[in-house]
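> In case you want the letters, here they are:
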Amino acid sequence: MKTVVCIKYVPDTSEAEVKVNPDGKTVDDSRFSFDINDADNYAVEESVLIKEDKGGEVDVLSIGPKQSEVMIRMAMAKGCDRATRVEDDRIAEHDPLLVAKVLAGALKEKEFDLVFTGCWGDDFNHMSTGVALAEYLGVNHASMVKKVEVLDGKVRAHRELEGGLMEVVELELPAVLTIQTGINEPRYAPIRGIRQAQKKELNVVSLDDLGVDPAEVSVDASQVVLENLYIPEVESAAEFIEGEPEEKAEKLASILTKGGLV
Amino acid sequence: MMMRGMIMTTESQTFTEKYDLLGCIQCGRCTGGCPVTVRADLNVRQFVNDAYDEEKLDELARLAEIWDCTACHTCAVRCPKGLKPLEVLIGLRSMIVESGKVEPTVRDALQSVLLEGNPWENPRAARQDWMEGLDVRIAEPGEHVENLFFVCCTNCYDPRVQVTAKNMVKILNKAGVDYAFLPEDESCCGSEVFTIGEEGLFEMTVEDNTEFLNEFSADRLVTLSPHCFTTYRTHFPDLKFPVIHYTQLMDELIQEGKLAWKGELPKRIVYHDPCYLGKQGGIYDEPRRVLKSIPGVELLEFDRKRERSLCCEGGGGKMWVESESRKERLADTRIKNAKELEADIVAAACPFCVLTLEDAMKGLGYEEEMRVAEIMELLGEFVEA
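Same order as they appear, the protein sequences are chains X and E. Take the first sequence: its letter number 67 is residue 67 in this note's numbering, and every next letter is one higher. Take the second sequence: its letter number 243 is residue 243 in this note's numbering, and every next letter is one higher.
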């Protein structure tokens, strides 16, 4: 089983105070701590669990700065075998479709059975990269995967739907799965393991190395235009609508109509 | 970040040699004195006995009770052979840590020490936020100061105990003490990293912190937490200055008449000896003298005091590991004892003790009639600053 796991180095914004820079298009990241994207961490663990169970190897693929190598080494300490880090400031990183195009470019010469990504990124919350990657690679995909069963030439993926429902799908390999948090319990990467992982292969490549045309993945090629970032105002007014479902619906409809919202 | 590789190697030493298991005479004083035996199945003597069989180590490491130890060191204090039975448990923990299969809370704390220099998953950039609005002197490498302060991650980030550091700055400024706090690059002392058993990360911490601290010039390093105090004194052989706890400095300042009192505190205070200050650091009298100096204070004593002090269960990585036992927590026992003494205030000089004892006090519903306080909290209220 050959698995590729795509991971991203993101700021932890769960507790941090987020401030928009005066340009209105970037965020002050000087006080953030950075780490592997949460869902990607589960994807790493799942890839290592499959390797431990079925054998094979796991490649890490990431687009990110030099500082992100600590995250890559941690993944390798957990059991991933080698890594590719793409560093190129021409990539329009705010556009998940173009990010996926770069990842696809990095995978086009590689043999793989499975590609894992996290199901969303904690930075922009697009939930698009993994699915777009499958499209570029021309392979099957399943998103929001909470359980993976590797079968002969196929994979059975349990997809988390709303309201506690699971959808079970079988996909021919190769396939891309976007992994949901909670699928497993990611292990700790001990320092000695991280140090040993220094010996593993980590290739740093640019768009030119990958043979990806920068014009196709740059800001100019992007159909996503970042206009403005702002912190939503905190509204304190909240009205709880009481009553039976029919009454509630009537009251709600009335409020929406009166407020000119529909 | 080269590993020194000689402190903890199991490659060159067997487990038996590393922990001197053959030195044990199986007298049982360790288990007899162990405070957690009243609520957990931990029998440290048994572990010392069983760990001799190297084939059994994996099995022993998987037993949940190895995580019940609070690293209070009572077993080490009482061992007639001068052994440290608790370190056998830490050695077993390290086997689990090396496998990566630790509790998620432990995983996140350790990873946070590596990435952000603190176990509380807070960004390094926020380490000095507690200083806002205060006139704090920051140390410069090579510029000599008498007292170089090491704040401790918990005091830096936990809003409940930040008061320890804040009050310290105000009092030092007023008393004209020659001091400086370390800049933002200050990192965790590794106390909990050591007791959780992350040997590699602890070795790295010792190396990196020794190098960082030795860039500064000081007569002594003053720590605000007993955990940093004991860790620096015990595990940092190459540190170029002596280490003291802040209660020693406050005691000095009071003896020298450098602190001026304002108001009176006519309260009955019982002092709780933190394990890392008392049993492990031998500091028993200074905190008591400081408390007694506050005008109006009546100082009480627990039955279990000084080297017999009952552990609050805050150390040994226990801030990140929940015990399976549902029996009464030792902090609850401690607060009940304080209540029996009719104490108004339980005073401690350790952030972990303050947090665990205060939780217990609130849980028992004594908020109206009792208070848990850091000694620096009381000094902040009754010393002119």
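What the hints contain is simulated information worked out from the structure, not anything from laboratory work. Hints may contain errors.
[As the list claims (entries may be wrong)] Simulated restraints on C-beta separations:
no., chain 1, residue 1, chain 2, residue 2, range
1, X, 182, E, 326, 39 to 45 Å
2, X, 66, E, 289, 51 to 57 Å
3, E, 28, X, 196, 37 to 43 Å
Using N, Cα and C, we set each Cβ at its ideal position, and we do this for glycine too.
> Determine for every hint whether it applies to the structure shown.
These are the hints, each one checked on the structure:
| no. | hint | verdict |
| --- | --- | --- |
| 1 | X/182 to E/326: 39 to 45 Å | 27 Å, violated |
| 2 | X/66 to E/289: 51 to 57 Å | 53 Å, holds |
| 3 | E/28 to X/196: 37 to 43 Å | 40 Å, holds |
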